[in-house]
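Participant: The lines below spell out each chain.
Protein chains: 2
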Amino acid sequence: MSDPFVVVGADAAGLSAASKFRREAPDRDVIAYEKGRWISYAYCGMPYFIAGYVDRMSDLLSLSPGEVDEREIDLRRGHEVVAVDPDAKRVTVETTEGDRFDRAYGDLLVATGARATTGPFDVRGVDGAFTLHNMDAAAAIDAYVAEPDAYDPERADVSAVDRERADRNAAMPAPETVAVVGGGYVGVEVAEALTERGLDVHVFQRSGHLLPPFGETVGGRVEDALEAEGVAVHTDSPVEALVGDDRIEAVDVDGDRISFDMAVVGVGIRPNTELLDGTGVELGSGGAIRVDDRGRTSLPDVYAAGDCATARHAVTGDPDWIPLGLTANRAGRAIGATVAGDPTPVGHIAGTAAVKAFDAEAARVGLLDHEAAAEAGFDPVSETVTAGSRSGYYPGAAETDVTLVADRDTGRLLGGSIVGTDRAAVRIDTLATAVEADMTVAEVERLDLAYAPPFSPVWDPVLVAAKVLNGTLDD
Amino acid sequence: MSDPFVVVGADAAGLSAASKFRREAPDRDVIAYEKGRWISYAYCGMPYFIAGYVDRMSDLLSLSPGEVDEREIDLRRGHEVVAVDPDAKRVTVETTEGDRFDRAYGDLLVATGARATTGPFDVRGVDGAFTLHNMDAAAAIDAYVAEPDAYDPERADVSAVDRERADRNAAMPAPETVAVVGGGYVGVEVAEALTERGLDVHVFQRSGHLLPPFGETVGGRVEDALEAEGVAVHTDSPVEALVGDDRIEAVDVDGDRISFDMAVVGVGIRPNTELLDGTGVELGSGGAIRVDDRGRTSLPDVYAAGDCATARHAVTGDPDWIPLGLTANRAGRAIGATVAGDPTPVGHIAGTAAVKAFDAEAARVGLLDHEAAAEAGFDPVSETVTAGSRSGYYPGAAETDVTLVADRDTGRLLGGSIVGTDRAAVRIDTLATAVEADMTVAEVERLDLAYAPPFSPVWDPVLVAAKVLNGTLDD
Numbered sequence: 033m034s035d036p037f038v039v040v041g042a043d044a045a046g047l048s049a050a051s052k053f054r055r056e057a058p059d060r061d062v063i064a065y066e067k068g069r070w071i072s073y074a075y076c077g078m079p080y081f082i083a084g085y086v087d088r089m090s091d092l093l094s095l096s097p098g099e100v101d102e103r104e105i106d107l108r109r110g111h112e113v114v115a116v117d118p119d120a121k122r123v124t125v126e127t128t129e130g131d132r133f134d135r136a137y138g139d140l141l142v143a144t145g146a147r148a149t150t151g152p153f154d155v156r157g158v159d160g161a162f163t164l165h166n167m168d169a170a171a172a173i174d175a176y177v178a179e180p181d182a183y184d185p186e187r188a189d190v191s192a193v194d195r196e197r198a199d200r201n202a203a204m205p206a207p208e209t210v211a212v213v214g215g216g217y218v219g220v221e222v223a224e225a226l227t228e229r230g231l232d233v234h235v236f237q238r239s240g241h242l243l244p245p246f247g248e249t250v251g252g253r254v255e256d257a258l259e260a261e262g263v264a265v266h267t268d269s270p271v272e273a274l275v276g277d278d279r280i281e282a283v284d285v286d287g288d289r290i291s292f293d294m295a296v297v298g299v300g301i302r303p304n305t306e307l308l309d310g311t312g313v314e315l316g317s318g319g320a321i322r323v324d325d326r327g328r329t330s331l332p333d334v335y336a337a338g339d340c341a342t343a344r345h346a347v348t349g350d351p352d353w354i355p356l357g358l359t360a361n362r363a364g365r366a367i368g369a370t371v372a373g374d375p376t377p378v379g380h381i382a383g384t385a386a387v388k389a390f391d392a393e394a395a396r397v398g399l400l401d402h403e404a405a406a407e408a409g410f411d412p413v414s415e416t417v418t419a420g421s422r423s424g425y426y427p428g429a430a431e432t433d434v435t436l437v438a439d440r441d442t443g444r445l446l447g448g449s450i451v452g453t454d455r456a457a458v459r460i461d462t463l464a465t466a467v468e469a470d471m472t473v474a475e476v477e478r479l480d481l482a483y484a485p486p487f488s489p490v491w492d493p494v495l496v497a498a499k500v501l502n503g504t505l506d507d
Numbered sequence: 033m034s035d036p037f038v039v040v041g042a043d044a045a046g047l048s049a050a051s052k053f054r055r056e057a058p059d060r061d062v063i064a065y066e067k068g069r070w071i072s073y074a075y076c077g078m079p080y081f082i083a084g085y086v087d088r089m090s091d092l093l094s095l096s097p098g099e100v101d102e103r104e105i106d107l108r109r110g111h112e113v114v115a116v117d118p119d120a121k122r123v124t125v126e127t128t129e130g131d132r133f134d135r136a137y138g139d140l141l142v143a144t145g146a147r148a149t150t151g152p153f154d155v156r157g158v159d160g161a162f163t164l165h166n167m168d169a170a171a172a173i174d175a176y177v178a179e180p181d182a183y184d185p186e187r188a189d190v191s192a193v194d195r196e197r198a199d200r201n202a203a204m205p206a207p208e209t210v211a212v213v214g215g216g217y218v219g220v221e222v223a224e225a226l227t228e229r230g231l232d233v234h235v236f237q238r239s240g241h242l243l244p245p246f247g248e249t250v251g252g253r254v255e256d257a258l259e260a261e262g263v264a265v266h267t268d269s270p271v272e273a274l275v276g277d278d279r280i281e282a283v284d285v286d287g288d289r290i291s292f293d294m295a296v297v298g299v300g301i302r303p304n305t306e307l308l309d310g311t312g313v314e315l316g317s318g319g320a321i322r323v324d325d326r327g328r329t330s331l332p333d334v335y336a337a338g339d340c341a342t343a344r345h346a347v348t349g350d351p352d353w354i355p356l357g358l359t360a361n362r363a364g365r366a367i368g369a370t371v372a373g374d375p376t377p378v379g380h381i382a383g384t385a386a387v388k389a390f391d392a393e394a395a396r397v398g399l400l401d402h403e404a405a406a407e408a409g410f411d412p413v414s415e416t417v418t419a420g421s422r423s424g425y426y427p428g429a430a431e432t433d434v435t436l437v438a439d440r441d442t443g444r445l446l447g448g449s450i451v452g453t454d455r456a457a458v459r460i461d462t463l464a465t466a467v468e469a470d471m472t473v474a475e476v477e478r479l480d481l482a483y484a485p486p487f488s489p490v491w492d493p494v495l496v497a498a499k500v501l502n503g504t505l506d507d
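In the order they appear, the protein sequences are chains A and B. Okay, so the first sequence: first residue is 33 according to the numbering used here, each after it adds one. Okay, so the second sequence: first residue is 33 according to the numbering used here, each after it adds one.
Pairs of lysine to aspartate or glutamate residues, derived as DMTMM-like cross-links and limited to a Cα-Cα distance of at most 20 Å, are as follows:
#1 A/K67 - A/D168
#2 B/K67 - B/D134
#3 B/K121 - B/D309
#4 B/K67 - B/E112
#5 A/K67 - A/D106
#6 B/K67 - B/E129
#7 B/K499 - B/E415
#8 B/K499 - A/E56
#9 A/K499 - B/E56
#10 B/K499 - A/D374
#11 B/K67 - B/E126
#12 A/K499 - B/D374
#13 A/K499 - B/D325
#14 A/K121 - A/D61
#15 A/K121 - A/E306
#16 B/K121 - B/D134
#17 A/K67 - A/D131
#18 B/K499 - A/D325
Partial list, computed: chain B residues near chain A (C-beta under 7 Å):
#19 V86
#20 D91
#21 A466
#22 A469
#23 D480
Chain A stretches covered by chain B per the calculated footprint, using a threshold of three residues with CB under 8 Å from any CB of chain B:
#24 82 to 95
#25 374 to 384
Simulated from the structure, these hints should not be mistaken for lab results. Keep in mind the model is a prediction, meaning the values are calculated, not measured. We put the CB at the ideal spot given by N, CA and C, even for glycine.
The following block holds chain A by itself, in its conformation from the complex (with noise of 0.2 Å):
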C-alpha cells in the first residue's frame, strides 16, 4: 500500500481533488488537513449572506463535515500543516490540541488558498473595521450591523461559527455609516449589502474607477448603479488611514477626516504560500505557486491548486494568477484524476468573472487592458458599443455596454466586457468561449447566436460589438 494522498486545506480546491480521488482511486488513502474549523464554504456567498437575501449561513455550505466522511475521506480539521519536506515525502501537522507529528505522503496537494491583505490598515483589535475573507468575518459583520435588540444568533446557525466574535460585535451600538475601503469585487458587493441592510455607505477607491479589472466602461456603469441607490462612490479617492483606537472613528482620505461607525477593507488578496517557504519551489506571477498544465509545481509529487496557485491564460499562454471559484473547483477535480492515474488537465484561465451591483450586471475576460495586452506582445485595439438586450419594441429591452478588445495584426479577439441590466452578465461566456477557441472578431461578428425578441435582438449586443470593432481592424 503507498502513502496517502495528502491534501492541505479543505475548500473549494482541496475536497474536489479528494472527492475526485476517492471515487477513482477507491483502495488508497486520502487525508485533508484543514487548520480551522470551516471546510468547504460558498466564499462568493457572505455579501449575500450579508445583505439578507440568504437566510441561514448554513446555506453557504457546500459540504458538510458529515457529507465529507460518507465520501471516504479522512477529513482533520484542527490540523495546521506547518512544513513540507519533499526530499523525504513528509508532512509535519500541528494540532489545535497541541500535538505535532509527521505523516508521509504519496502525494501532496497544497490548497492552502489566499487571505485578505489590508495594505496599510491594520483592521485586528479594531471594533467595527472587517475584512471579509471568512465566514467568522461574515457572520461578524452581521452581528455588527444589527441593532442589539434585532440581532438574530439563528442566522449563522454553523457549529464552527465564532459565536464569541459574533456576540461581542451584536452587542455593539449598530452603525449607521459604513467606509467601504476598496472598489473591487468584495468592495461592489459589501457596499450593496450593507445598504440593504440600512447603512449609509461610502465607496472609497484608489484609482479613477471602480473595478479596474473590468474596465472604465463597467466600472462607470456600475458606480451609477450603485449611486442610484444611494451608495456615495469616491473615486481617485486613496484612504491614508483608518482612525480609532478601539472602535473605528473615521478614515482619512486625502487629507480630509471623515466619521464612519464602520469599515469594511477590501483592498486585495494574496496566496498562502508560506508553508512551501525553505522548499525551494518555484512561484509564478502574484507570488502564487507556480504549476503545469498537470498543477504539478517544481517539487516532485507536490500539486497545489486554487487561490494559492497560478494557471494558465488562454490568451498569454503564460501562467498567471487570477483567484477565482471555478479554477479552483476545476483545478482540484484534475489533480484527483491525475493522483488517481488518469492525466488530466487543469484546464485554462480567461480571468472570466462577473459582478453584481443592484440591478446591475457586470462581465469580463481576457485581456481587457490595452497596457496588459501590449504586455503581452499584442496590439491592442478596441471599441465600445451601447446595444439593446432585446428587440427594441420588447418590454424590458436594456442597454447593454460591450467592450472588445482584439490583436490588431491578427484580429484575434482577446477579451471584453459586457454591462447591463438584462441578461448582460451571462452573455460573457459567449466572449469566454470564443477568446479560449482563438476566435478572430470576424469570427465572432458571423456567430449564428440566437435571435428571440424577448432575450435578443436580431443583432445580439455581442454581434454589435463585433461588427463594430471588425470595421475599426479593417480601417
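With chain A's structure known, arrange chain B on it following the hints.
Facilitator: Chain B only, in chain A's frame:
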C-alpha cells in the same frame, strides 16, 4: 455606368443588402422591388403584438419607407418581379397599377422570403381561421379577438395595413376558444399570446412533443409551462380538418369533432422560389435556392438570401435550410458588400434558435436529433442534466435542463438545448460558439465560464452537462 443592383423583396435580407451596398458603392444604383406595401417588419414580433406586450404595430417596423429613402435606396413598393431572364440579365416587373416593364440588372438578389403553408387546411375564405405570416394577418387576428366595442384600431397604426380586413374582423363577435394547429414556434407563441387575450387555448401537435427541433426535454418543459397557464396541449393529435363554411366552427382531431370559434394554423413555411422557375437554378435543402459561401446561386450574378435560400450548416458542412432572422440579415449584408466589390462570406448557420413560453425560456443549436446526426455521418451520444441557474443558496435559482449531443468517435460537440426559467435562453450562445468552433465536449467542460452566485453556480449548467456527457464518452 453599369446596370443597377436589383433586389427582389424589401425585408430583412433585401434591405440589409441594399443598405450595405449603398454605403460601400455610393456611385452605383440599387433598386429594391417589393410586391406588397410592407417592408422590413419584425416578423418575430407579431405574436407579442397580438399578446398586447407591444402596443403599436409601428413599433415592429425596423425601417420606414422614408428611412429607406434617406438611405438613397430606390425602393419600389407595389412592384412584383414576375420573371428573371438570367441570360439577358433582365427582370420583368408588374406593378399593382397594372404596368409591366423589363429592367436590366448588373447583379440580382432574390430575397423573396417564405410563406406559411397550411397543409391540408384551407384558411382562405373561412372567417376566424388564420395563418400568421404577415402583418395584415397579425392586424386581423388582433381585431378578431377583440370584443367589437373594445377594438382599438389605433393599435394597427401603419398605413400599409389592410384596414378593410381588420375592420371586418373587428366587427365579428369575439371568439372564446381557439385551436392552435401545430406546436412549433408560431404555435407556442400564439398560444401564449391568445391566452393573454383571454381565450381558452388548445394546441394540437401531430407528434409526441411540441417544438420537435428542440428535442423532447424542451418540448416537455414547454408543455408544462403552457399548461401551467391554462393552455390545453394535445400531443400525438393530428388535426384532420377545419370545419366551418363561412366561419370556423370546429376542428376534427383523431375522429373527434371539437368546437372552436377560432383557429390559427402554424404547420410550417416554404421558400418562395417560383420566381426562378424555369431558369434552371439549382435548389437545395427544403426546396430553397441553393447558394454558395458568398450567397451566389447557380445562375451568374444572381444571389439569394434569407428565407428563400440555403446556408451552410456549421456542423454538417452542407447547405441547409433553416430560415431565421439573423441568417437573413447577415447574408443580405454580406451580399451587399460582395456586390459592392468587397467579397464577404455570408457565414455559417448553426440552427441556433430560442423561444419563450410564458416564464419558460428554451433554446437549441446544432444537431440535436440522433437520426439527423447519424445521417450526417456522426455517431451521436447525448446526455441531459438538470442543474441550477444560480448558486443554490441564491434566491431565484431555477432548474435548468441542458442536453448535449456529441460524436462518439471524436468527442465533438454536435448540438444542444437549454430550457429553464432563469436566463436559460441566452446560455445557448455559449454552445453556439462552441459548436461553431468545432470544440469537443472535453474542451467545453474546461471552459472558464463566469461564476457569480446571482448569475451562475460554480459549475454552470452547460459545464455540468459537458462533465456528464464527457463521462459517458469516456466509458
